[in-house]
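Using the sequences and the accompanying hints, generate a full structural model.
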Amino acid sequence: MTDAVHPAGAGPLPTASALAAGFADGSADPVAAAERSLAAVAAHDPAVNAMTQVFAEEALEAARVSADRWASGRPLSPVDGVPVTVKDLFLTRGRPTLRGSTLVDPAGPWDEDAPAVARLQESGAVVLGKTTTPEFAWKGVTDSVLAGSTGNPWGAHLTAGGSSGGSAAAVGLGMGAWSIGTDGGGSVRIPAAFTGTVAIKPTFGLVPIHPPSPYGTLSHAGPMTRTVRDAALLLDVLTGFDARDWFALPRPTGSFLDGLDDGVAGLRVAFSPTLAGTGVNDPEVEAAVRAAVEVLAGLGAEVEEVDPEVGEVRDAFETLWFTGAGKVVEPYGADALDRIDPLLAEHVRRHAGDTASDYLGAVDIRMRLGATMGRFHERYDLLLTPTMPIAAFARDRDAPAGWPEDLWTSWTPYTYPFNLTGQPALSVPCGFTGAGLPVGLQVVGARHADRLVLRAGHAYEAATDWSARTPSVLGP
Numbered sequence: 001m002t003d004a005v006h007p008a009g010a011g012p013l014p015t016a017s018a019l020a021a022g023f024a025d026g027s028a029d030p031v032a033a034a035e036r037s038l039a040a041v042a043a044h045d046p047a048v049n050a051m052t053q054v055f056a057e058e059a060l061e062a063a064r065v066s067a068d069r070w071a072s073g074r075p076l077s078p079v080d081g082v083p084v085t086v087k088d089l090f091l092t093r094g095r096p097t098l099r100g101s102t103l104v105d106p107a108g109p110w111d112e113d114a115p116a117v118a119r120l121q122e123s124g125a126v127v128l129g130k131t132t133t134p135e136f137a138w139k140g141v142t143d144s145v146l147a148g149s150t151g152n153p154w155g156a157h158l159t160a161g162g163s164s165g166g167s168a169a170a171v172g173l174g175m176g177a178w179s180i181g182t183d184g185g186g187s188v189r190i191p192a193a194f195t196g197t198v199a200i201k202p203t204f205g206l207v208p209i210h211p212p213s214p215y216g217t218l219s220h221a222g223p224m225t226r227t228v229r230d231a232a233l234l235l236d237v238l239t240g241f242d243a244r245d246w247f248a249l250p251r252p253t254g255s256f257l258d259g260l261d262d263g264v265a266g267l268r269v270a271f272s273p274t275l276a277g278t279g280v281n282d283p284e285v286e287a288a289v290r291a292a293v294e295v296l297a298g299l300g301a302e303v304e305e306v307d308p309e310v311g312e313v314r315d316a317f318e319t320l321w322f323t324g325a326g327k328v329v330e331p332y333g334a335d336a337l338d339r340i341d342p343l344l345a346e347h348v349r350r351h352a353g354d355t356a357s358d359y360l361g362a363v364d365i366r367m368r369l370g371a372t373m374g375r376f377h378e379r380y381d382l383l384l385t386p387t388m389p390i391a392a393f394a395r396d397r398d399a400p401a402g403w404p405e406d407l408w409t410s411w412t413p414y415t416y417p418f419n420l421t422g423q424p425a426l427s428v429p430c431g432f433t434g435a436g437l438p439v440g441l442q443v444v445g446a447r448h449a450d451r452l453v454l455r456a457g458h459a460y461e462a463a464t465d466w467s468a469r470t471p472s473v474l475g476p
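For the sequence shown, the residue numbers in full-length UniProt numbering are 1 to 476.
Calculated directly from the structure, the hints in this document are not laboratory data. Computed from a predicted structure; not experimentally measured. Please note: incorrect hints may appear among the correct ones.
[Unchecked claim] Label-pair restraints from in silico Cβ distances:
(1) Glu-112 - Thr-355: 31 to 37 Å
(2) Val-306 - Leu-343: 49 to 55 Å
(3) Gly-94 - Ala-42: 18 to 24 Å
(4) Val-65 - Ser-27: 44 to 50 Å
(5) Pro-404 - Gly-436: 24 to 30 Å
(6) Glu-112 - Ala-352: 30 to 36 Å
(7) Ala-56 - Thr-274: 43 to 49 Å
(8) Ala-42 - Val-363: 46 to 52 Å
(9) Thr-274 - Gly-108: 45 to 51 Å
(10) Glu-122 - Phe-247: 53 to 59 Å
(11) Glu-112 - Ala-43: 53 to 59 Å
(12) Glu-309 - Gly-94: 47 to 53 Å
(13) Glu-302 - Gly-73: 46 to 52 Å
(14) Ala-352 - Glu-309: 30 to 36 Å
Note that the Cβ used here is the ideal one computed from N, Cα and C, for glycine as well.
Right, dumping it as structure tokens:
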């Protein structure tokens, strides 16, 4: 697709890459970009409820300062001035981080930026505000007692997914060019698939996290964007060692843009329409994903349909997830479970009796899965799956109508296994259902193969036009 800079007020907000290029050559202006993003918030947020806080005055002032830096030839980085939003799970100095919960005291103190937010500030990016999350980011849709529910750019009556649903909706509707989210079991990829946007869960440790997530090494932070190129560009900003995160990897050498245009010819690619015997529930989703796989094969990838045989890992994931969730609410007092999302409380109580042996048994399953996928990627460079087995369903629900259970892990079988393994996994738009709802293709690579994952996603995106489609909330 072409990254064209539209004149102010015309068409969707340009991509971050287009804005950065425009700032550099003088054809775009950080102040106009911030104004346009804030106008999108005013126009669309009443319908979708993606924002919890909007920093309008601070953002406009930061954009003016950025414009001055560009005018004097002293930008802080290539993305100086690009407007961004931040999931309300990341610490932001001087602003409350409420994590979607009434348990958190808004008084703070709020005297520290999370590593990802600090990198954005250092780059000169203009932070517009913070986006919605379910309580403590615990589930695959975005609603909370604190902030209400978040709708989808392709229909405000539909869920945007979660837990980074606010970020996905904001990106899809031009409330900033990109956002940062967290992913503990699919939380950037689920909403990306539901909203027709792009998101990558990078290799664990690549984007440092502080304070440590109570969900432990399941939790990743990553870019949420409109294009794969933007995701690579944002990864360049977010990655790098931070002493506060003892899992943080060293800063990568080179850029994630390096080799992005090298294509997929000769890559050994596995396509698995099921994982652990779990199949796609929506035939339109399966058809779109299979068509996407054919596109990559037509670009020269050597594709084979094969199941990586990940085994049954849902119970192990839930043991790790809900014992972590129990630790989240523990500091808030004996009655905390009576004051949170009732479904979260139900599952925390269900796992309250898990023993150390139960936890270590889940860790053992996780380690065996990691070895399985490590061996798998000795044979295959990439694994393709649907991101989601279904399209977006009704807002204010925990699962689709008529689904056999409400728990989010029952309808996200393709995402959480790769939080267990820490592998990079990208969701890229690959089509629409007959009802006009987006479908996502998931591209998974071996640990540390983030550039290869981005390269394949970009090759597919460049050969199609799905990422250029305008959400229905924006009109034709």
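Hints violated by the structure (listed by number, smallest first): 2, 4, 10 and 11
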